[in-house]
Amino acid sequence: MSPRRTDTGGRIDRLKTIRFTFDGAPYTGHAGDTLASALLAKGVTLYGRSFKYHRPRGLLTAGVEEPNALVTVLKGEVREPNIPATMVEIHDGLVAISQNRFPSLAWDINAVNQLGGKVLSAGFYYKTFMGPVFGPLKGTRFWMFCEHFIRRAAGLGSAGSAKDPARYERMNAFCDVLVVGSGPAGLMAAKAAADQGARVMLADLEPRFGGSANWSDETIDGAPAADWARRIVAQLEGRDNVRLLPRTTVWGYYDNNTLAALERVSDHKEQPGKGEPRHRYWAIRAKSVVLATGAFERPLVFPGNDRPGVMLAHAAERYANEFGVLPGERIALFTNNDSAYRAAVALKKAGAAVVAIADVRPELSPEMRKLAAEAEAEIFAGHAVVATEGGKALSGLKLQRFDMTNGALIGDARSIHADCLLMSGGWSPTIHLASQAGAKAEWNAARQAFLPPKPTQQWIGAGAFTGSFSTTEAIAEGRAAGLAAAGGQSTPAVLPVVEAVPGDPDPAPVFEIRAKGKSFVDFQHDVTAEDVRLAHREGFVSVEHLKRYTTLGMATDQGKSSNVPGLAIMAEALGKPIPEVGTTRFRPPFAPVSIGSLAAERFGDLKPERLTPMHDWHLANGATMYSAGLWYRPMIYGHAGETVEQAYVREAKATRESAGIVDVSTLGKIAVQGPDAAAFLDRVYTNMFSTLAVGKARYGLMLREDGLAFDDGTTWRLGEQDFLMTTTTANAGKVMQHLEYFLDVIWPELKVHVTSVTDEWAGAAIGGPKARQILAACVTGTAVDNATLPFMGIVRGEIAGVPVMICRLSFSGEMAFEVYSGAGHGTHVWEALVEAGKPFGLVTYGLEALGTMRIEKGHVTGAEIDGRTTARDLHLDWMLSKKKPFIGSAMMDREGLIASDRLELVGLISLDNKPLNGGAHIVEEVDEANPHGSIGHITACCYSPALGKHIALALVKGGKARQGTRAHVSDPLRNRFGPIEIVSNHFFDPDGSRMHG
Amino acid sequence: MLITCPYCGPRDVIEFTYQGDGNRERPDPASQNFEAWNAYVYDRLNPAGDHNEIWQHSGGCRAHLKVVRNTLTHEISSVVFTRGDHGRGDHGSAARGKAEDKS
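So the protein sequences, as listed, match chains U and L. Using the numbering used here, you'd call the opening residue of the first sequence number 1 and step up by one each time. Using the numbering used here, you'd call the opening residue of the second sequence number 1001 and step up by one each time.
Here chain L stands alone, though its shape is the one from the complex (with noise of 0.2 Å):
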């Protein structure tokens, strides 16, 4: 399995730690919502199908990025940065224009 990395580009598995469903929605962190985050902590998504999940590239750029993978046939039809907008440096605009240039 390769998952393009908007920074690195296209990289094995191998080079990737799973960090888990990405549809989990963290409750307000002061929310005494006890099913809230009893689902958030414990409830998992398990779709024959497109999933989105949050993937560390932790052998290179160390971003977490929000994948949509088919659990049936291995296809990655999406990979953004889970930081989204936010973080945009000099560090980040290098990371964009590298992924482009690449596309």
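For reference, chain U alone in the conformation it holds in the complex (with noise of 0.2 Å):
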């Protein structure tokens, strides 16, 4: 005996065979099969090992919820691992593999555990590897030498390391109403919003729409349920206002009614169509959302409730009536409701003898005595399943009278011989995304479940999902829904006649059946009823605490199917009715998500490159590129066979003999315009700008408003109203959203306007004893002597036709000036000043040779403006304006931004001529073995060819008392400890002879 395909029923095609492999071994089904029911018609009971006992198991459902068939699908070389078999169609070259066994799925080695069950029970984890002690390993170090082993033997499917060649796309919708689960409530609530003009989009995660019409044996309208719903969807397909996305799990509920849906759409193919990614992610803003998700039917907990052979009655009504496979032969139901005797008929109509019906209710109504007579079912009211018999199938069960008020066990046990055993414990409603939108589920006794709140964004509910489960309830809601959904007026409307099988929707309050042997809750985390209780006596009282413990509701199908189970045996123990213990809240997502749908197209390097308008000249001229932020920036123009120290030496040495040129187009550069310009800056920099004159430049610092250091640049004032800011490459974005806050918030009075114009320009500063003759030879319009063009001048003239801007301002410390002109002459000018130089012995130089200026200078960058100094620390005291509050003047005196043992710049010469390093801290004592007592560190170094000594910036602790002291550099991961002495941090032409000229 075992579970066959009959010979006629269901909607799969019975014309189409596919072939597949499972294990290795080669199966056929039909078009419309999924793997569970393509196996289960070849007689398939074993489907996986258990999480944790390596238990046997097989289907428990037929759907989204299944626990335990979890395979994983091989494409390639690429594995999936952990897909219930019941959401896996079937395709011509499918191949499934089953998980968690060694060396195979029949003869599990690790089935032993179930003997260690004790051991292995809930918080075994904490228990045994935080604490006891194993010989020389105690604690964690005992976990870790345990994990491997553990981590082989309990879990799930393992994920493949092959680079997935799938493509995943990413969608926005927007839609008036989104209609989620597309049984005879959602296509109900679809079709009135649709009749009323609304944009719907219908989801529902089975590739068949109509959900329970596809399996219930009720009519509509006069036809089977399946063909009302047929009917249904070929009015919607042709409309235009409804988008209809089948295979498609909404699996997440956010904010202002954005929800998140996985549509699988060529998983089922063998090959994907052309241009057909194999998942797309739909983010969905709907106005409003109809949750029409149904119900999930519960397990009843009772010993040896997870043999395979034990399946949900729902389920196997659903292998009969969808998919023409009986489950069994000889099938027994046990249940505390009246809708198992729906699936007794169902089994009865295709085929199976049904041996019994055990109900833990005493009294049953006439219409169940009805429905079990025509199932021929014998009845055996007031009795309960105490055990099963059979390994990897089922072949009897034992019952034994009950008494549902007590849960008392009476008289003697006595066996069924059956294949197949269904079980009911009721329905949960498929709450899960109204919670995750933020509903807090009430219990409702009479049904036994959780049911929505009152909706707290824009969302109606319809059907199973609201508790309301029958067929005629849930046309009528869904219409009702769907038209509330839409704006639209409710009208009577003749709605369509259900012919349905009678029942009762409220079960027995009976969750578990307490007898020997373990009874399981979670079938995915191998919790046991005993687990839950155990948790309870260790003393867990709140729910939340209690799933972390046992890890109930867990595992990949998130307590689907035991939430509730565990929370009544929960309750029970703490002698606490349901609503008081709750429940805990469900999070997204609703099911499984791959990631690459989340990623979708946005993988690999996505990060934008800024490059300079003489970017490519920088390439053609042999400039090594280096990466700042997001721009590129020549680093060195090296020559064939230099080393880059060989290269910026030579690069820095030439500029201070002659001249060198060097882009600075990457400088962030801010127009400040209008009446109020003057006094705006004045209050964001610390020193003064109203007094500049027009056609001068000055060097200015910000505070952010704690008073530390923020940045620093020139800002040139081009006209009365009209200024250009320079900012650090670094600093730029930061720098314009500062100056946008305080004119947006602070001070919106000010009459002034920021502008970005750092790629409006292209700069080229030229610096060196010879750049004012270079620029004599090829600038026009204006001269650039000293008396045109003084220290920190600006004039406008013209480099080889292009209208320029030069400024005098020096960062290398020679006599240098920087060359504005528009961004797309950026080149011609570069080129005509490079061409200029030649008679001069003009370089170019990269960043190197800017940086080891720049130390020998002292002058401060991003490194030094660290978050962290003050412009005390920097020596730029001076700056500080005392005729006017700026931005951080009140918090830069603060005691411990004044203390004199803070971190201050200073200079460090390398005492033994070997190379220091940025990050290496100073200590005072001579001890290399045992570095300590850090009075500071590098933050910039170099080799100085006008020193010829290496050398470099750093924040010394009271670093200008320091200066002229010994101190050591310790840099024990690079190996470097060696004598250096603090000086000041102007090594080269302190007194500024050379730029000033």
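By construction, these hints were calculated from the structure, which means they are not laboratory data. All residues carry an ideal CB built from backbone N, CA and C; glycine is no exception. No false leads were slipped in.
Dumping the calculated SDA-like pairs for lysine to any residue here, alpha-carbon to alpha-carbon at most 20 Å:
#  : chain 1 : residue 1 : chain 2 : residue 2
1  : U       : LYS751    : L       : PRO1029
2  : U       : LYS751    : L       : ASP1085
3  : U       : LYS734    : L       : CYS1061
4  : U       : LYS734    : L       : GLN1019
5  : U       : LYS440    : L       : THR1071
6  : U       : LYS884    : L       : ALA1036
7  : U       : LYS882    : L       : ALA1030
8  : U       : LYS607    : L       : GLY1059
9  : U       : LYS882    : L       : SER1031
10 : L       : LYS1066   : U       : GLU740
11 : U       : LYS883    : L       : PRO1029
12 : U       : LYS440    : L       : THR1073
13 : U       : LYS287    : L       : ARG1011
14 : U       : LYS287    : L       : PRO1010
15 : U       : LYS607    : L       : GLU1015
16 : U       : LYS287    : U       : LEU244
17 : U       : LYS882    : L       : PHE1034
18 : U       : LYS734    : L       : GLY1059
19 : U       : LYS440    : L       : ALA1048
20 : U       : LYS440    : L       : GLY1049
21 : U       : LYS287    : L       : MET1001
22 : L       : LYS1066   : U       : TYR741
23 : U       : LYS884    : L       : ALA1030
24 : U       : LYS884    : L       : PRO1027
Listed next, with one range per pair, are the computed distances between beta-carbon atoms:
#  : chain 1 : residue 1 : chain 2 : residue 2 : range
25 : L       : VAL1013   : U       : GLU77     : 37 to 43 Å
26 : U       : ASP616    : L       : GLU1025   : 49 to 55 Å
27 : L       : TYR1018   : U       : THR755    : 22 to 28 Å
28 : U       : ALA283    : L       : ALA1036   : 43 to 49 Å
29 : L       : GLU1025   : U       : ARG537    : 52 to 58 Å
Got two chains here, separate frames each, mind docking them using the hints?
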């Protein structure tokens, strides 16, 4: 005796044979089959091994809530683990394998874990790995020793390491009404909303729309329910305002009615269609949502309830009616409610023998007795199943009289021979999405279920989701919900007439039969009723803690079938009613989501590149580029055979001896304009700008509100109300936002406009003793002599026919000029300058030489303005105006910011002539083996061609007072320890005679 | 989360930058009241419920907005420009006209 395919019936196409393999063995199925139904039709009863005890497991369900039959699907080298076999549509060439077994599914070595049940009970990890001593290894070290073996023995399928070649897509969608679930309620809602002209999306995680209509034996308007559903779907398909999304799981419900859904576009095909992704991630913004997500049937908790062959009643009904598969030949049922009787009749009709119906209720309605008679089943009212028998398939079960008022078992057990046991423990509405949206579920004592409460967002419930389990109610509620969601008026209408099997929707309040043996609550995580009680005995009272301690409901199925039975058992142990124990909040995702779909097209290197106008020139002229933030800047222009150090030393030396030119287009540039621009800059900078003459530039320093240094740069006054501010490359965006914030929020009365013009200007800094001669050779329209262009002066002229702005300022410490031109002319001007410089020995130099010359001069950059240093720390206190308040002025003199032992900027000279390293620490004591007592660290270092020494800038405690003393550099990571001298940060030309000329 | 920028209309939160607690009062620039400055720089309200916040539409018009947001539900009950009536130029009235069209 075994499961088999019926000769007729079901919504599969018997004429189409599909070939696939499971655990290497070839199988066939039919179009319309899931992997579960196709294997079941071939008599397969064993689908997986359980998580902890490696018990043999069969199919519990027929849908997304399946906890047992998880498989790994192989596509070439790519493994997709932990997919419920009930959700895999078979196609030719499908390769699926079972999980968590070694060496094979039928003979699994770790099944010995079942004998160690007591050891592996709730809290196994906490108890074993946090405290007790096992020989020399204890606690976490013991865990580290065992982890490898445990991870192999306990768990799910393993992920692959091959790169996923599949394509994923993301879609943003907007609609008036999103209907989730396409059972009778969802179909009616979609149709009603669409009839109102609303833009409707209808999503269902199954490939076939219709939900329960696909497998109920009911008729709607005289036709089989499935045909009625097909008709409604056909009507919806023809409409422009409706988008149908089959195979689409709505898995997340977020703020402002934003929902996330996963469409499995081509998993069910041997090859995806042209241009088709594997999965499509939908981000849907819906004005209104209709939740018609139905309900999940609950298992009953009794010894042996996890044996292969024990299945939910509606799942068997579904296999019979939708797939034409009988899960057994001799079927018994065990229920606490009326819905199982419908399954008995369906299986009888499909050709199985229904040998017994055990019902915990002593009194049964005449309607149920009639249904049992129709199924030719013997009724055992007031009975419970207390044991099951068999190994990899069910062979029989034991029944005993049961008193549901006190849970007592009475009299002797009797054996029933059956190869399939169907159970029904009542129904739990699928309230996950509502719960995600913030709704707190409410316990309904009659339904013995958590029902959705009043909506907190724009959603409306319909059908079984609301606890209305009959199709008649679903149709009425669905239409009303669709109308309301579309903003239509509720009008009386002739609704489809349902001819349904009668039944009381309220189950008896029985969740567990307490008898000897393992009774499973959470099938996927192997949590038994005894584990729940153990947690209670060990002092757990909160349902959230229970969940974490026992891991109940924490498997990939998220407790879809186990949540309510687990709570009920905990409530009983606590002696509290279920509503007082409460339930946990459901969180996204409703079902597992492929990571690929979340990333969609957004993978690989997504960083944009910012290139200066002269970028191509640099590449063509031998520059080695360096990425600075998003920018690419020349690091060196190396000659053949040169090291980086040789190159930058050559470039810096040539600049100081004759002249050098560097691309400074990356500096942040902000136009600050308006009648109050000068007043605004006075507030923003620590020093005065209103006194700056038109045609002059000034170096400025900004603080943050908390008084720490923020950014520095020069600002040029181009007109009375027109300033061009420059910022450091790295802080350009931050400074812009800082200025905008103060203008918009703090001083909206100031008439100032700020505009980022970084990309509008190309900048070249040309410096060195011969820089002025080079300019004189190529600039027309203005003189560049000291009188016309003094230090910090600005002139306008032309170079090679292009208008330029020249400001005489210096970062290198040489006589230097910054030449700005429109970005489009950048290369033209640059080439003209380089050409003009040739007779004077002009070199191009990169970031390394730039850094070297600034270190020699002791100028600060982001390495020193690191968000922790003050103006005083950097010896910039001369820039702190006492004549006016500015941003940060009120906070900069706080005790901690003016202490004498603060890290202050100093220069260091290596006394052993070896290089210094950035990040290395400065220590006072000579203790190389055990360096300690850091007094500071190096922020920037180089070999100084001007000094002929290895030098560095550093932040050292009370640094100014230490100038002239010696200390040691300690850099144990790079094996560097050596003597240094602490000096002023102004190494080279401290009085600035070179740049002032 | 959607923020309805008075200039650009309803936009996803991804386009905005949070710019801090909107309840803070900046002391007079010349004030030496250290307590007041300390409160302004460091103290933040953290209410469970409606909160005044400053957001910048950094990925859009770059205006700073005063937003009243419920920290429990993310419901946004009010969005206005922080500039208020300042800066009523041609540009400003165009902005308001656009906002009115949408309401």
